[in-house]
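Number of protein chains: 4
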Amino acid sequence: MSNSFGKLYTLTTFGESHGPAIGGIIDGCPAGLELDLKAIQYELDRRKPGQSAIVTQRKEPDEVEFLSGIFEGKTTGTSIGFIIKNTNQKSKDYSDIKNTFRPSHADYTYTQKYGLRDYRGGGRSSARETANWIVSGAIAKQLLKGISINAYTSSVGEITLDKELQDIDFHNTESNSVRCPDEATAEKMIEHIKEIKKQGDTIGGTITCVVKNVPIGLGEPVFNKLHAELGKAMLSINAVKGFEYGSGFEGTKLKGSQHNDAFNTNGTTKTNLSGGIQGGISNGMDIYFKVAFKPVATLLQKYETINSEGERVEVQGKGRHDPCVVPRAVPIVEALTAMVLADFYLLNKSIKL
Amino acid sequence: MSNSFGKLYTLTTFGESHGPAIGGIIDGCPAGLELDLKAIQYELDRRKPGQSAIVTQRKEPDEVEFLSGIFEGKTTGTSIGFIIKNTNQKSKDYSDIKNTFRPSHADYTYTQKYGLRDYRGGGRSSARETANWIVSGAIAKQLLKGISINAYTSSVGEITLDKELQDIDFHNTESNSVRCPDEATAEKMIEHIKEIKKQGDTIGGTITCVVKNVPIGLGEPVFNKLHAELGKAMLSINAVKGFEYGSGFEGTKLKGSQHNDAFNTNGTTKTNLSGGIQGGISNGMDIYFKVAFKPVATLLQKYETINSEGERVEVQGKGRHDPCVVPRAVPIVEALTAMVLADFYLLNKSIKL
Amino acid sequence: MSNSFGKLYTLTTFGESHGPAIGGIIDGCPAGLELDLKAIQYELDRRKPGQSAIVTQRKEPDEVEFLSGIFEGKTTGTSIGFIIKNTNQKSKDYSDIKNTFRPSHADYTYTQKYGLRDYRGGGRSSARETANWIVSGAIAKQLLKGISINAYTSSVGEITLDKELQDIDFHNTESNSVRCPDEATAEKMIEHIKEIKKQGDTIGGTITCVVKNVPIGLGEPVFNKLHAELGKAMLSINAVKGFEYGSGFEGTKLKGSQHNDAFNTNGTTKTNLSGGIQGGISNGMDIYFKVAFKPVATLLQKYETINSEGERVEVQGKGRHDPCVVPRAVPIVEALTAMVLADFYLLNKSIKL
Amino acid sequence: MSNSFGKLYTLTTFGESHGPAIGGIIDGCPAGLELDLKAIQYELDRRKPGQSAIVTQRKEPDEVEFLSGIFEGKTTGTSIGFIIKNTNQKSKDYSDIKNTFRPSHADYTYTQKYGLRDYRGGGRSSARETANWIVSGAIAKQLLKGISINAYTSSVGEITLDKELQDIDFHNTESNSVRCPDEATAEKMIEHIKEIKKQGDTIGGTITCVVKNVPIGLGEPVFNKLHAELGKAMLSINAVKGFEYGSGFEGTKLKGSQHNDAFNTNGTTKTNLSGGIQGGISNGMDIYFKVAFKPVATLLQKYETINSEGERVEVQGKGRHDPCVVPRAVPIVEALTAMVLADFYLLNKSIKL
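Quick mapping for you: the protein sequence lines, in order, are chains A, B, C and D.
Take 0 as the starting number for the first sequence in our numbering and just add one per residue.
Take 0 as the starting number for the second sequence in our numbering and just add one per residue.
Take 0 as the starting number for the third sequence in our numbering and just add one per residue.
Take 0 as the starting number for the fourth sequence in our numbering and just add one per residue.
Simulated from the structure, these hints should not be mistaken for laboratory data.
Being a predicted model, the structure only gives us computed values, none of them experimental.
All C-beta atoms in this analysis are idealised placements derived from N, C-alpha and C, irrespective of residue type, glycine included.
Careful, some of the hints might be misleading.
Non-contacting residues of chain D with respect to chain B, defined by C-beta distances greater than 12 Å in every case (computed) [unchecked claim]:
id: 1; residue: 44
id: 2; residue: 55
id: 3; residue: 141
id: 4; residue: 173
id: 5; residue: 182
id: 6; residue: 187
id: 7; residue: 199
id: 8; residue: 214
id: 9; residue: 256
id: 10; residue: 264
id: 11; residue: 267
Here are the simulated lysine-lysine pairs, DSS-like style, with alpha carbons at most 27 Å apart [what the hints assert, rightly or not]:
id: 12; chain 1: C; residue 1: 84; chain 2: C; residue 2: 58
id: 13; chain 1: B; residue 1: 6; chain 2: D; residue 2: 6
id: 14; chain 1: A; residue 1: 84; chain 2: C; residue 2: 37
id: 15; chain 1: D; residue 1: 317; chain 2: C; residue 2: 269
id: 16; chain 1: C; residue 1: 196; chain 2: D; residue 2: 269
id: 17; chain 1: B; residue 1: 6; chain 2: C; residue 2: 6
id: 18; chain 1: D; residue 1: 97; chain 2: B; residue 2: 73
id: 19; chain 1: B; residue 1: 97; chain 2: D; residue 2: 73
id: 20; chain 1: B; residue 1: 301; chain 2: B; residue 2: 317
id: 21; chain 1: C; residue 1: 6; chain 2: D; residue 2: 348
id: 22; chain 1: B; residue 1: 269; chain 2: A; residue 2: 97
id: 23; chain 1: C; residue 1: 73; chain 2: C; residue 2: 37
Just need the whole structure built from these sequences, with the hints factored in.
Put into structure tokens, the structure is as follows:
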């Protein structure tokens, strides 16, 4: 199922940006989990549009309504249905984009694949879908008590946070609108995004995620390696172009004698180029990975493209779009990470006698 | 199932490096495909040990035996069972590694996860498993007539092939033992690997893969995006630390106005920073991606590590290992790419009326 | 996923009888299907409570609201989300059943399995869930143009429709409230149910289903045989105790020489004890099967049972319940049949070159 | 995947009756299970041909060879690959059946579905496949320590074992060749099968299975009800036409007041018409169900049929076939039951906090 994610802790979703609602079904959440509904809404608020000057100024409350699976504050073990109503669809005229294929959008591929598409606001390809993931991830976070998942903006364009992981104080991530846990770098990033926005342009960036206190043994050895599932999850986010964990692409330049992580006698390692995963299985060290986001394709500029007849048309980009997707994607990276870990956490319960 | 891959075109595998055989079951290959068995063995030979001076000198014929699913030269639509016998296991004494956790191997995580492990030659975590993938991928390649999948070594350590994709002649890939389609760069890579090998050390590298003539419409929009499945597949290969497609990590530094791929009137694009995929769906342009391999963890050096009692032990690395995994991984990258594409190709048959 | 059904044409559901809504997500419906929404509501009306004197007198409109996946009247190939609001939950006091385990209900097993349960109206174990299946099945029916699926009440208690399948006019099924396509038998059944109802008791029965114009080749040979999936589907319906197809249990008494279906030269068979399926694959003849429903467990009588403390308690059954589940289950049998066939129909598109 | 069964404890199989071998891969068996290999072979011997005068006189050793997943006598948590060599394929001439569609066999449907078929000995549709299931089921039995699974022949043709379940001593099942645990009835059944065999004919029958000491809570409430999965499993066995559990088809004639199982104060029930399952979940009482087998289609008689050209041909049935499939199917019913229970047993480990 193309709209489902996970094996035991699963999410199935639906929704177009301009339908009455988006939503999903979480299946496999264990019974007896006392849910903190405010914590779920808090995560949605971290993702929602209109939260600061450097994100889209669209206003949507993004309030989740749970329809099943929770009784007297606890999960019952049955499927958790939820919806998030779409409140901000304007009854505007879409005739300008109806037959237009915007460059580097999914307009063309959807139309070719399905023979038709819901052209209003990107339809199913809209990143609005990720609000569903936030709900599922927020519940997964509550299931994973004791594990801390910390994503943050590690670069915007050429501006990069140059700090060793161990020197970062993740408490600072939420203290600024770009979600970079270093105040000086954050300011530069914010200025850069404002500048880019003024140009009607957009900019890419990266998010790094660090997971602490992961139990040893999560991940399956062959086709469901922990990092492979994390990679697939991250590559599912709109605009993502790359994923690396541990030493990543830089590690390819090293020799084995430089790269191997020597053991301490308690099973921890002196270094952690492995990124907390060996053979696809968590080893108890911090898991860390980096995700690459391309610049948003929607520009507030005039540009040329083609229509469904293959004719050249000129389009004036307009509307309320993110100049940089990264700040709002930070909670999405965390949500998917939580979902992957929750799934492996449950799978691990049947792995040995 | 942790040992299965794919949804319609599926592979399920088994096997430890020192058991009697490894093997697998391909389920979902359409009936009526006339198989070229020599082409399958050819791919196995590209992966097998002992093929050149820069790979492990272990000798194994890696001959595949098909046990079902093929009748009078054609697939019958039933499951295709196959085995590859292990012929090179020495009856050697494994007592030295039995209780030893080698650094940056899966010894420790397997033991922690399962409570026990088959310690002979890495057991299930051995890259010998990838021979199974080659068989499945070679059949997938034959299913995907007309699509060409071209992987090659794009870097070894710091030595990088600096050529635009369009300038590369993929016919040259097999002309040298490092599988780099540029003779001058290949020579440097080979020299470097030989040097590293002399030191008893190992080195990482990257593989790039270019897929041509992909039909428009492969890939599913939300959780099974084409690049997400490719990424998951690549991250399943032993030693892989990263995956990027299209503009990748470099693309994060660009502005949207630089990154967008403008359309030609026939639906192709003038540039291809998207890497042939929009919204998770192939757009008909070349798909290209890059995979990062860390240096092999097994060194032919003396090193310190711990045993299962948590005591320090000194180990002398020995045996016949690859100084660089990249040359032999080229056909593996191709095989997994073929499997992913075959799966989406079959899925696409039921996508619209 | 325990709340999902199907492989390519899939339904995932949620909902308790006394939550705000039930609903589901249909994933895998091909794009471009023009939906007849009235035909979907018609099927829901066939299942809904309060439709006649012999079913529960509860009133619920059971109106489906589609939230996604349909655009300008056609399916788009994306997931179809829908909800059916619960409008008839009384704000009544459930304290009497809160701690009581009703006999032959799921109260006890849910509580034991999950440690808690939503005790209002049966929670997730309520047959209200089947309204979700009706929606999915009604769309599957529209996908399966040309195939006719005809379920009907073949017995109520000891009263059995004694007619050969070929003599039944399925147009008569909807002409009476018990959904038996023979007027005389239907009257007897209706009288019997009314009598049983007066006693505050309930009665079992069977439903037979005949599927005409099935293409040859649906069903998979080993673990997804057509009849095995139909059987599983039927056994998923609340109160079902048995499934047989073709000659069924009676066929066990026959000799092979009596049971074999001889071929006509066009590939049809002279008899059809096979029930339209050979080796798990449809052979083009009519598929027929029978489903056994036990009597509803909820009685309007006084009875003794236990509470969660293991104490004996006396309970007075009350409320508005079906004296016989069979008439309302007829459209449910059809819906699940359509879902199974739609799934195999789509799977079959990738089965051969 | 059509050749896979189960969600966590899974079996994937391959093999045609006349290929070099059949086999399978068990994925998801927990690590640390000490395997009794003789007990596995014992189950295979119960199924194998040639074991008595009333089954096919074909001789095949059916010896299982394990290729992976077991180390020093214990499961390692990795996939368990195994093969069973086919030793009895005669190099006979199959030209007589090559183009012939035998009545009530899968010859016609396979050919129509796939466009070709392996016509030797039934190919993939051969019941030889069930030997693979025995291996998987025998391991599942060892995983389910304490649960006893007792299948037996409950009828052959019209000869039925008329005993209450509680009066049956399952130790007697293996004391006779028809596997009926009542000596007098067994003798009648054996005589009947011998008589039928003399006629070159075949006869159907039923198998009943009783499972004792099932933990409360196995089975999932909506689409993976315990009895639905058992039903699907049984309907996967060659020649099966029906499945019922608990009161079954007879229960449809009862009133609710007769059918409900009143509770004892310890949660057990005074009667067990429910068959040990409520709402799809085991309630701790004995699970029992009955499976209907049609008479084997292969007759040792002359008969008319058609060939692939649609021409009438006369065929003389020959070879070594079972006059009644039921005695050899008893261990198959047990094996599949064990697989279903093992799967739910593992799934249940993640169901609540």
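Structure-based check of each hint:
no., hint, verdict
1, 44, "holds, 23 Å"
2, 55, "holds, 22 Å"
3, 141, "holds, 17 Å"
4, 173, "holds, 32 Å"
5, 182, "holds, 42 Å"
6, 187, "holds, 40 Å"
7, 199, "holds, 30 Å"
8, 214, "holds, 23 Å"
9, 256, "holds, 46 Å"
10, 264, "holds, 41 Å"
11, 267, "holds, 36 Å"
12, C:84 - C:58, "holds, 13 Å"
13, B:6 - D:6, "holds, 14 Å"
14, A:84 - C:37, "holds, 25 Å"
15, D:317 - C:269, "holds, 23 Å"
16, C:196 - D:269, "holds, 25 Å"
17, B:6 - C:6, "holds, 9 Å"
18, D:97 - B:73, "holds, 16 Å"
19, B:97 - D:73, "holds, 16 Å"
20, B:301 - B:317, "holds, 9 Å"
21, C:6 - D:348, "holds, 25 Å"
22, B:269 - A:97, "holds, 22 Å"
23, C:73 - C:37, "holds, 14 Å"
Taken one by one, the earlier hints all hold for this structure without exception.
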